[in-house]
Amino acid sequence: MTALSRETLVSSLLVVMLVAIPLAATMAGEPFYVTLATRIAILALAAVGLNIALGLGGLVSFGHAAFFGLGGYVAGIFATHAFNGEPLPFGFAATTSMPVIWLSAMALCGLVALPIGAISLRTSGVYFIMITLAFAQMIYYFAVSWPSYGGEDGLSIYVRNSFPGLNTAQPLPYFLLCLGVLIAGLVLFQLIKGSRFGTALEASRQNPTRLAAVGIAPFGIRLVAFVVSAMVTGLAGALFADLNRFVSPSMLSWHMSGELIVLIILGGKGRLFGPLAGAMVYVLFEYALGGITERWQFFLGLILLGVVLFARGGLLGLLAGKAHHG
Amino acid sequence: MAEPVLQLSDLRKSFGALKATDGVSLDLRPGEIHALIGPNGAGKSTLIHQICGSIRPDSGTIRFLGEDMAGLDMAARVRKGLGRSFQISSLAPEFSALCNVMLAVQARQGSSFRFLRPVASDGSLTGPAMAMLERVGLEARAKVPAAELSHGERRQLEIAIALALGPKAFLFDEPMAGLGPGGSKRLTGFLDGLRHEAPILLVEHDMDAVFALADRISVLVYGRIIATGTVAEIRSDPEVRRAYLGDAV
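Chains as they are written, first to last, in full-length UniProt numbering: chain L, 1 to 326; chain W, 1 to 249.
Please note: incorrect hints may appear among the correct ones.
Each computed SDA-like pair below joins lysine to any residue, with the alpha-carbon atoms no more than 25 angstroms apart [said to hold, decoys possible]: (1) 19(W) <-> 73(W); (2) 322(L) <-> 212(W); (3) 168(W) <-> 212(W); (4) 19(W) <-> 94(W); (5) 185(W) <-> 140(W); (6) 322(L) <-> 120(W); (7) 168(W) <-> 76(W); (8) 168(W) <-> 287(L); (9) 168(W) <-> 197(W); (10) 322(L) <-> 79(W); (11) 80(W) <-> 219(L); (12) 143(W) <-> 207(L); (13) 322(L) <-> 289(L); (14) 185(W) <-> 142(W); (15) 80(W) <-> 207(L); (16) 80(W) <-> 197(W); (17) 143(W) <-> 317(L); (18) 322(L) <-> 235(W); (19) 168(W) <-> 11(L); (20) 168(W) <-> 143(W); (21) 322(L) <-> 121(W); (22) 143(W) <-> 209(L); (23) 185(W) <-> 90(W); (24) 322(L) <-> 145(W); (25) 143(W) <-> 272(L); (26) 322(L) <-> 144(W).
Computed list of chain L residues with no C-beta within reach of chain W, every gap over 12 angstroms [as the list claims (entries may be wrong)]: (27) 197; (28) 213; (29) 219.
Cβ-Cβ distance ranges computed for the label pairs, FRET-style [stated by the list, open to error]: (30) 169(L) <-> 73(W): 53 to 63 angstroms; (31) 180(W) <-> 16(L): 52 to 62 angstroms; (32) 54(W) <-> 148(L): 46 to 56 angstroms.
If you're looking for bench data, these hints aren't it; they were derived computationally from the structure. A virtual CB, placed ideally from N, CA and C, is assigned to each residue, including glycine.
Build out the structure end to end from the sequences listed, making use of the hints.
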């Protein structure tokens, strides 16, 4: 019980830091740090999505950039069409309203994840990793070679999409919006983890034969987890494109998939606040070390090595102790 | 005679030139314990895998409650009412003993596609699960992760999970393995009463337990059933003595 409350303490501290930094930065007139915090929140959300599949279900998807990028392209394509006053393909009306864009991004990612998951989940282990990577690379090369939306050069969003009652062009309101979505994502993760579905999903990770032997087929459980996971990561992608006012195939690339996995391993896989801890360390490293040396990822690699060798529970495991189950 | 619960007819399975299951016919009747014995390598595991649906037979049929099981995977067969335990304990190691049983209770209740309500405070799961742990005498260890249970406790937990499924037939694969004399004796007493809930197909090496429990015994050697009968018949069967029992009886 003490370990559990220690985890709550560490997690609360993370959230307080995430909120305090942009507030202080805004008062000090340093909007750059607000953007940095927004980046943390969005990457954390993307990793929360992946954490459903990877952390709870043990499904090491090396293709989640596909969903992150697709979400980004949905935001970019909506913005571009709305800016030019053209309707979307298939006659949908273009809009800059974020709620509509988010739902569209999640719907698209869910639809794409369904066949990818249905095929990939027939394999396991290293083959699952490779096949998810292959699907993501197919979508990456499709984006590179499709000229309508910028191809390799990517697509600029001239005006950040809008949210009712909020000036999203300002850094602080946009940060708060992203923070709100991140919190919603965290709540969803925690609900899933504690639910019947989450129990079955975690059992499928620990011992799929056991799950089958009580009469629950692991495939269906995993497929639903994969789809939900993709939808959350896709939502993060839409936010990310709006943050940068730019979306390009790099959001779909395997580097991005790897980065999302790194965030989870770094923070603590399967843990509620693991992705947030991971995203904070990652982005702060990128910023702090990136200012000193271009080779900052070398040092990040060293840290990752240390975490994998000496702190299997990730940074949260190191700070808050072993994870507990009911 | 009552309709058999489980019926294998002329089941065959080969791996290359090896006939692991060579025309096995066997049935399990209501209220009985039917023991399946045989030396190592006789094909007991292969047979169990076929009954559970993890290996597909080359030919022959498996009927359970009158229904052909061909094409159904393990999970589907379990949902039909086939409750099994494993030769080597197969549990969710990170989950507590209670949570392992709750998984079975949840499966029995139906859908696992419920995303919001927390299971930890769900009395319709914890209540029955705790009752099953009490039946096998594991209630004091309910909160302990399965990985930290002793070997014997894991065997008990396997039984509790099978009970929680409320099956129409039990398939126990060497439940006595590694239990020690005291543990075997307790489990023997427990299984003795269980046959009235659902018939048991018992694969077991512990001959004391088999002779104490079995209504009928089938002897599997090189993929074939060489004899089926009561304890007395099997004990006195010369072929069985030669092939398997040796000087043990």
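Handout entry: Pairwise hint evaluation, residue 120(W) against residue 322(L), where the allowed Cα distance is 25 angstroms at most
Key = holds (19 angstroms)
Exercise for the section: Given the hint that residue 80(W) pairs with residue 219(L), test it: the Cα-Cα distance must not exceed 25 angstroms. Expected result: holds (18 angstroms)
Problem - 25 angstroms limit on alpha-carbon distance, applied to hinted pair residue 143(W) and residue 209(L) - result: holds (22 angstroms)
Handout entry: Outcome for the supplied range 53 to 63 angstroms, where the beta carbon pair is residue 169(L) and residue 73(W)
Key = Cβ of residue 169(L) to Cβ of residue 73(W): about 54 angstroms, so the range 53 to 63 angstroms holds.
Practice task
Given the range 46 to 56 angstroms, decide if the beta-carbon distance of residue 54(W) to residue 148(L) lies inside it.
Solution key: holds (49 angstroms)
Exercise for the section: Take the C-alpha atoms of residue 80(W) and residue 197(W), compute the straight-line distance between them, and say whether it is at most 25 angstroms. Expected result: With Cα atoms ~16 angstroms apart, residue 80(W) and residue 197(W) stay inside 25 angstroms; holds.
Handout entry: Interface exclusion of residue 213(L) relative to chain W, criterion Cβ beyond 12 angstroms
Key = violated (6 angstroms)
Exercise for the section: With a cut-off of 25 angstroms on the C-alpha distance, tell me whether residue 143(W) and residue 272(L) pass. Expected result: holds (22 angstroms)
Problem - 25 angstroms Cα cutoff - pair residue 322(L), residue 121(W) - result: holds (22 angstroms)
Problem - 25 angstroms limit on alpha-carbon distance, applied to hinted pair residue 168(W) and residue 287(L) - result: Distance ~62 angstroms between residue 168(W) and residue 287(L) Cα, so the pair is violated.
Handout entry: Pairwise hint evaluation, residue 142(W) against residue 185(W), where the allowed Cα distance is 25 angstroms at most
Key = holds (23 angstroms)
Problem - Distance restraint between residue 185(W) and residue 90(W), which requires alpha-carbon spacing of 25 angstroms or less - result: Roughly 22 angstroms between the alpha carbons, so the hint for residue 185(W) and residue 90(W) holds.
Violated hints, in rising order: 2, 4, 8, 10, 13, 18, 19, 20, 27, 28, 29; the structure is consistent with all others.
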